[in-house]
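S.K.: Sequence:
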Amino acid sequence: MTTDTHNFPSLLVAFRLADSFLPLGSHTASYGIEQYLNEDRVETTTDLTSLIADYLQSMIGPTETVALACAHRTVKDDVPSELLTIDQRLHATILPAEFRKSSVTIGDRLLSVFATTDSLPPVLAEFYRRVDDEKTHGHFPVVLGALTAASGIDRQIACQLHGYMFVTDVLGAAQRIGRFGHTAIQQTLVDLFPDIAGLKQYAGAELSDLHSFAPMAEIMGMRHENAERRLFMS
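This note's numbering numbers the first residue of the sequence shown as 9 and each following residue consecutively.
These are calculated hints, taken from the structure and not from any lab test.
Beta carbons: idealized from backbone N, C-alpha and C, even for Gly.
Hints should not be assumed to be uniformly reliable.
Stated by the list, open to error - Label-pair restraints from in silico Cβ distances:
(1) 85 x 143: 15 to 23 Å
(2) 17 x 65: 15 to 23 Å
(3) 197 x 51: 16 to 24 Å
(4) 189 x 212: 21 to 29 Å
(5) 52 x 212: 20 to 28 Å
(6) 103 x 194: 44 to 52 Å
(7) 199 x 127: 14 to 22 Å
(8) 165 x 198: 29 to 37 Å
(9) 217 x 189: 19 to 27 Å
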């Protein structure tokens, strides 16, 4: 049985998207954090907080969140063809192969889950067909931006939601590697709230604003591809 999620209160949809109970497989991605830990470049919660804040400011914000905001606006303006342009631009900007693969895999799962349990609005159903036909990649930020728009979630909230999902995923990875306990991880999450909230600044961004300058994160992501010891897909 499918349901029109986009007719539900947007807050409930946001809760669902942020819940680790949603089977997206994002818990298998560390976005290179595992490599930092394996090389002992992160030893304290201060190190971890600083590293993730840098990810948000140099990569997640100007790259993924910009793509999300553009996808959100595209759905609101009912220009579905633009989703493909945004998806292609994001794909070209993400350099580490594992980062691209993780983003596409999680995006596909999000589309698949909502297509199975919900009635997708026409713009998302068409995008899903294009992904299935391998006409586009279906990156997670693009899917999330389109889905939040269709569900009536405010664009600024959607930007922060994406940041929250990213931070909890990488903190979960750091915890499962065994370096940090539950309380330390929760404190790090709270310390990162201002950085997550700051992502709302990208709500008005245009596609021409999309860029990334995170050379160290990209290098660590590429090293992770050939690492002998690895628990995560990125």
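S.K.: State for each hint whether it applies.
M.R.: Hint check:
no. : hint                  : result
1   : 85 x 143: 15 to 23 Å  : 21 Å, holds
2   : 17 x 65: 15 to 23 Å   : 32 Å, violated
3   : 197 x 51: 16 to 24 Å  : 19 Å, holds
4   : 189 x 212: 21 to 29 Å : 39 Å, violated
5   : 52 x 212: 20 to 28 Å  : 36 Å, violated
6   : 103 x 194: 44 to 52 Å : 32 Å, violated
7   : 199 x 127: 14 to 22 Å : 40 Å, violated
8   : 165 x 198: 29 to 37 Å : 19 Å, violated
9   : 217 x 189: 19 to 27 Å : 38 Å, violated
Consistency note: the structure conflicts with the earlier hints numbered 2, 4, 5, 6, 7, 8 and 9.
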